[in-house]
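Asks: Here is what each chain is made of, one letter per residue.
Protein chains: 2
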Amino acid sequence: MPNPPLRDREATRARLIAAVGNLLARKGFKALGVNAVAREAGVDKVLIYRYFGGLPQLIAAFGQEGDFWPSVSELTGGDPVAFGRLPLDERLRRLTRHFVAGIRRRPLTLEILAWETVERNELTAELEMIRENTHLRLTEMFFPAGAGGADLQAVLGLVGAGLSYLALRARDVQWYNGVDIQSEDGWRRIEAAVDQIVAGLLSSTPNRE
Amino acid sequence: MPNPPLRDREATRARLIAAVGNLLARKGFKALGVNAVAREAGVDKVLIYRYFGGLPQLIAAFGQEGDFWPSVSELTGGDPVAFGRLPLDERLRRLTRHFVAGIRRRPLTLEILAWETVERNELTAELEMIRENTHLRLTEMFFPAGAGGADLQAVLGLVGAGLSYLALRARDVQWYNGVDIQSEDGWRRIEAAVDQIVAGLLSSTPNRE
DNA sequence: AGAACATGTCACTTAATAGTGACATGTTTT
DNA sequence: AAAACATGTCACTATTAAGTGACATGTTCT
Numbered sequence: 001m002p003n004p005p006l007r008d009r010e011a012t013r014a015r016l017i018a019a020v021g022n023l024l025a026r027k028g029f030k031a032l033g034v035n036a037v038a039r040e041a042g043v044d045k046v047l048i049y050r051y052f053g054g055l056p057q058l059i060a061a062f063g064q065e066g067d068f069w070p071s072v073s074e075l076t077g078g079d080p081v082a083f084g085r086l087p088l089d090e091r092l093r094r095l096t097r098h099f100v101a102g103i104r105r106r107p108l109t110l111e112i113l114a115w116e117t118v119e120r121n122e123l124t125a126e127l128e129m130i131r132e133n134t135h136l137r138l139t140e141m142f143f144p145a146g147a148g149g150a151d152l153q154a155v156l157g158l159v160g161a162g163l164s165y166l167a168l169r170a171r172d173v174q175w176y177n178g179v180d181i182q183s184e185d186g187w188r189r190i191e192a193a194v195d196q197i198v199a200g201l202l203s204s205t206p207n208r209e
Numbered sequence: 001m002p003n004p005p006l007r008d009r010e011a012t013r014a015r016l017i018a019a020v021g022n023l024l025a026r027k028g029f030k031a032l033g034v035n036a037v038a039r040e041a042g043v044d045k046v047l048i049y050r051y052f053g054g055l056p057q058l059i060a061a062f063g064q065e066g067d068f069w070p071s072v073s074e075l076t077g078g079d080p081v082a083f084g085r086l087p088l089d090e091r092l093r094r095l096t097r098h099f100v101a102g103i104r105r106r107p108l109t110l111e112i113l114a115w116e117t118v119e120r121n122e123l124t125a126e127l128e129m130i131r132e133n134t135h136l137r138l139t140e141m142f143f144p145a146g147a148g149g150a151d152l153q154a155v156l157g158l159v160g161a162g163l164s165y166l167a168l169r170a171r172d173v174q175w176y177n178g179v180d181i182q183s184e185d186g187w188r189r190i191e192a193a194v195d196q197i198v199a200g201l202l203s204s205t206p207n208r209e
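Residue numbers (my numbering), protein chains in the order written: chain A, 1 to 209; chain B, 1 to 209.
Take these hints with a grain of salt, some might be off.
Remember, identical chains collapse to one label, so a pair may be satisfied in a single copy or spanning two.
[Unchecked claim] Derived DMTMM-like pairs: lysine to aspartate or glutamate, alpha-carbon spacing no greater than 25 angstroms straight-line:
| hint | residue 1 | residue 2 |
| --- | --- | --- |
| 1 | Lys-30 | Glu-119 |
| 2 | Lys-45 | Glu-122 |
| 3 | Lys-30 | Glu-122 |
| 4 | Lys-27 | Glu-119 |
| 5 | Lys-27 | Glu-122 |
| 6 | Lys-30 | Glu-128 |
| 7 | Lys-30 | Asp-44 |
| 8 | Lys-30 | Asp-172 |
| 9 | Lys-30 | Glu-126 |
| 10 | Lys-27 | Glu-128 |
| 11 | Lys-27 | Asp-67 |
Think of the hints as simulated: they come from the structure by calculation, not from any bench. All of these numbers come straight from a predicted model, not from anything done at the bench.
Build the full structure now, drawing on both the sequences and the hints.
Replies: Right, dumping it as structure tokens:
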């Protein structure tokens with residue numbers, strides 16, 4: 001027995017938005033079509049056009065839901081002020097740990113990250129912007145230019161890129177350069193590698209606060 | 001005036017294989033369908049099934065063409081023996097330079113790298129294997145476990161992943177963590193960042209050959 | 001020459017997709 | 001109650017894709 005129609009615009013909109021998230025998580029972005037989303041939401045597809053204007057706008061609405069990227073607060077461990085008082089090397093180590101945990105626990109984000117490498121759209125542009133902004137604020141707040149005597153922005157960019165990519169690849173692939181990126185052990189090795197990089201960076205130059 | 005049919009099986013096979021490469025380079029993997037490849041090759045699509053068995057097998061044949069990843073020789077600068085005699089830090093620096101140059105000058109490889117994040121198929125599996133093998137041989141030949149006192153395998157994996165990802169993203173995006181990855185200047189910053197990482201790694205522990 | 005085969009063309013089916021116009025049914029306003 | 005509107009259903013078009021069976025034409029072997 002089919003449910004009676006809801007006749008509730010806002011609820012239907014919400015179901016469609018939720019359907020995007022569910023489909024993305026379950027089937028990946030390749031399954032994201034007008035038909036599939038409508039089916040997932042249990043709603044006629046014409047309502048996507050009526051209520052959002054089309055799939056791109058629906059995806060944009062989903063993008064507003066947020067929480068696709070670790071926030072500054074999450075990256076600093078909840079207390080930015082206390083974080084700012086830590087020595088530089090400790091700040092960098094914690095940042096890495098929180099970042100790795102933050103992206104690995106967000107399958108949706110990894111999916112969007114993969115999408116990004118392939119296509120530009122409302123969601124991927126949104127994620128790009130959030131990420132670049134977060135990085136910018138972090139850098140300004142906690143890693144002023146010249147700290148540690150190295151080009152921290154470039155190093156953090158490179159390391160962040162590496163961590164993102166490894167998390168991304170770990171969805172399908174077990175080994176990367178001899179590291180088992182699907183095991184917790186492998187990720188401990190990676191985190192330890194970052195620690196070694198940080199330690200080296202700060203020991204080879206005057207360790208300014 | 002349409003050309004007369006070739007009636008040359010090998011030539012037709014070759015045209016199909018070439019068409020895969022051209023399409024991939026010009027339109028990306030999303031355009032890679034049976035119809036598109038046949039059109040690009042100027043050949044009837046049924047021949048893809050007859051001569052290869054299907055698109056996957058045609059793509060696999062294309063994968064055998066090779067040169068999708070910097071070889072050991074390319075990464076060491078042409079003379080592995082001389083490379084092996086360099087001090088560790090110099091080896092790492094050169095490796096990075098050659099690797100960055102090697103992937104950035106291969107648009108097709110970047111395309112496949114993007115494809116990899118999204119789908120597993122004959123080509124992406126091939127690239128994965130080549131890459132993992134190359135890394136393995138490099139590690140065995142030039143970076144024995146424990147050299148430098150750090151987990152070099154993990155560090156190289158992380159840095160390699162970061163470089164690959166940045167090269168990949170640079171196809172569509174200009175800024176990554178405040179670095180302009182579409183400019184030569186930006187890439188010099190990234191290479192310099194690797195130098196700093198290498199220098200730090202080896203200075204903080206006994207610099208064993 | 002004739003049979004067997006290789007090469008290539010063409011027309012078709014099946015399935016999936018994005019998008020739209022016409023309609024039915026319920027709610028609100030007058 | 002009647003008109004106007006909102007919500008949702010349904011059926012359809014047009015496009016594209018993968019895959020296949022029947023045929024035409026040229027080559028090779030006997």
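Asks: For Lys-27 and Glu-122, with the copy left unspecified, which applies at a CA distance of at most 25 angstroms: within, between, both, or neither?
Replies: both (19 angstroms within a copy, 21 angstroms between copies)
Asks: From the Cα coordinates, with 25 angstroms as the cut-off, is the pair Lys-30 and Asp-44 best called within, between, both, or neither?
Replies: within (20 angstroms within a copy, 28 angstroms between copies)
Asks: With identical chains treated as interchangeable, where does the CA-CA distance between Lys-30 and Glu-128 reach 25 angstroms or less: within a copy, between copies, both, or neither?
Replies: both (19 angstroms within a copy, 22 angstroms between copies)
Asks: If the cutoff is 25 angstroms on CA atoms, where do Lys-27 and Glu-119 land: within, between, both or neither? Let me know, please.
Replies: both (17 angstroms within a copy, 12 angstroms between copies)
Asks: For Lys-27 vs Glu-128, is the C-alpha pair at or below 25 angstroms within one copy, between two copies, both, or neither?
Replies: Close inside one copy (22 angstroms) and across copies (23 angstroms); limit 25 angstroms.
Asks: With identical chains treated as interchangeable, where does the CA-CA distance between Lys-45 and Glu-122 reach 25 angstroms or less: within a copy, between copies, both, or neither?
Replies: For Lys-45 and Glu-122, only the intra-copy Cα distance (19 angstroms) is at most 25 angstroms; the inter-copy one is 35 angstroms.
Asks: Can you give me the call for Lys-30 and Asp-172, within, between, both or neither, at a CA distance of at most 25 angstroms?
Replies: both (16 angstroms within a copy, 19 angstroms between copies)
Asks: Up to 25 angstroms between alpha-carbons, please classify Lys-27 paired with Asp-67: within, between, both or neither.
Replies: within (20 angstroms within a copy, 33 angstroms between copies)
Asks: Could you figure out if Lys-30 and Glu-126 sit no more than 25 angstroms apart (CA to CA) within one copy, between two copies, both or neither?
Replies: Result: close both inside a copy and across copies, 18 angstroms intra and 22 angstroms inter.
Asks: 25 angstroms Cα cut-off: does Lys-30 pair with Glu-122 within a copy, between copies, both or neither?
Replies: both (15 angstroms within a copy, 19 angstroms between copies)
Asks: Within a copy, between copies, both or neither: where do Lys-30 and Glu-119 come within 25 angstroms Cα-Cα?
Replies: This pair counts as both: shortest intra-copy Cα distance 11 angstroms, inter-copy 10 angstroms.
Of the hints listed earlier, there is not a single one the structure fails to meet.
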